[in-house]
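**Q** Following the hints, put chain D in place on chain G, whose structure we already have.
Residue numbers (my numbering), protein chains in the order written: chain G, 5 to 288; chain D, 5 to 279.
Among the hints, erroneous ones may be present.
Stated by the list, open to error - With a cut-off of at most 16 Å between alpha-carbon atoms, the simulated EDC-like pairs for lysine to aspartate or glutamate come out as follows:
id	chain 1	residue 1	chain 2	residue 2
1	D	Lys53	G	Glu62
2	D	Lys271	G	Glu62
3	G	Lys182	G	Glu170
Honestly, the hints are just simulated from the structure, not real lab data.
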Amino acid sequence: MSRQNRYLQESGTTAIIWIAATLVAVPFFCLMGDLLWNGLNHLSFSFVFSAPQNAGREGGIGPILISTLFILGVCMGVALPMGLGTALFLAEYTRHDHVPGRLIRGSLDVLAGVPSIVFGLFGNALFCQTFGLGFSILSGGLTLACMVLPILIRTVEESFRAISNEQRLSAAALGLSKPTTIRTILFPAAMPGLLVGVILGLGRAIAETAALIFTSGYVDRMPESLMDSGRSLAVHIYDLAMNVAGGNPHAYATALILVSLLFIINFSSSRMAARWMSFNQLPA
Amino acid sequence: MAVSLLATIGVIALCTICSLDASLAQAEGHKLVITGSSTMAPLVAEIGKRFETGHPGVRIDVQTGGSSRGIADVINGVADIGMASRALKSQEQHLHGSVIAQDGITIILHRSNPIRELTDDQIRAIYTGGVTHWNQVGGPDAPITVVNKAEGRSTLELFLDYFQVSNRDIHPHVVIGDNEQGIKTVAGNPHAIGYVSIGTAQYDATHGIPIRLLPLQHIPATIETVREGTFPLSRPLTLVTKSPPAGLIKTFIDFARSSQVNDLILKQYFLPLQG
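Pulled out of the complex, with its shape left as it was, chain G reads as follows (with noise of 0.2 Å):
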């Protein structure tokens, strides 16, 4: 009786975690299923390379693929920087209880539930007329930086924090200076955390609107500069599906392109962070 009990229990769990695990899987496929379906047939060569007329019903994207990268790259640019070094000041040179580093930290926990209207009004007072950058994508890139930051720095901090002491202790025995511990003992290991927040990151900042419809802008031609307006894929699908009249079959395509950048992204700074460590460890 006990042991049928037990077999019960352990088959009800391993049930209720697959359940649970499928549950999670199918609003995903049934996205990528719906998004295939009505956007496979609009997707062409000349479609992610031509620039867009008639509002976007007709022709294609190319200018604002070209704009999202852009802004992409200003925002991750500036935000691992300053995330790296933050995380660092946070994990490797203060205390837990360290005053200012708490202050930080509540402070971050704060900025990352702020909705992203908030961080658009705020990047459109601040980047496009204080400091008189106009709508342009690096308005709008420095914008999503703020907004991707809390996220960047509290997932790579608790990497760090993850490493045991130990480590650091065997480094300093050896006579190894702060930097160089760093550099090749704590990055090393504290590399996959550093990679799901720049995944996660990343993740937040491509999927942007409302940060970026009053920052970067709504202008779909090629940008010449940082310093143009450009539209970001996130805005073109929002304006294509809620604002253009026969917008739908174009925004389904759309957003399978933003779907593939996703996938190129992540799949691509995984690879640079498994050939950095490659590179970096100390020799056995």
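**A** Same frame as chain G, but now just chain D:
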């Protein structure tokens, strides 16, 4: 801390350099920033592209955000031209509005429905649930299918504003987004009532789609009555400037009001000023 401080200084320095760069670019005066109504933004962006091809070196940057934002941006000097998909209000008379096109909204029924006209009160009662069957307003004995616009559509706002009802009081059977979707819904349901942009509806009705455009206050829903300004449920698409248009701004507004952009206006389902 030192690292992030350095990075912050770096970003601020970068911003300063770029802001110098930006002010230089704007000093050339070959760029127009236009912000406002999301309804107008796709149309004005298309007009801007055609204007750019005829004026090399000029750039028209169109930003969206809503009519009231367009008006605020013009007042603050953030934008050269604002877009408002409505007439200027009485407290905005110090601004200068130039109408570039008209937009109208019509009530549509299925063509097999014998009803030829509904009063404003009857339409209000149908949408707020006071009238649920066509025989209550002189039609066949059949339940009414109420087709409403989705939240966030300017057509919905104009409809609510004209009939003085709140969207919370409307209990629609079908909620639609685009004009085309509304027309297909009504065309496929003999007992439906909906409302869409006049341009699209008139085009479809004359191209064999079984819908009928109802008059409002006895005024027929046609492109002509909207153009004359007699059709009650219509609005002007307006370009707004702080001072009387001059220079490049005037050239652009004149271009947007000319017959050279009629095809662009029609393609966005609005009504051009000239036939």
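**Q** Do the alpha carbons of G/Lys182 and G/Glu170 lie within 16 Å of each other, as the hint requires?
**A** Given that 16 Å is the threshold and the Cα spacing comes to 14 Å, the pair holds.
**Q** Verify the proposed pairing of D/Lys271 with G/Glu62, using a straight-line Cα cut of 16 Å.
**A** This hinted pair holds, its Cα atoms lying about 12 Å apart.
**Q** Hey, D/Lys53 versus G/Glu62, does the alpha-carbon distance stay inside 16 Å?
**A** With Cα atoms ~14 Å apart, D/Lys53 and G/Glu62 stay inside 16 Å; holds.
The structure agrees with every numbered hint stated previously.
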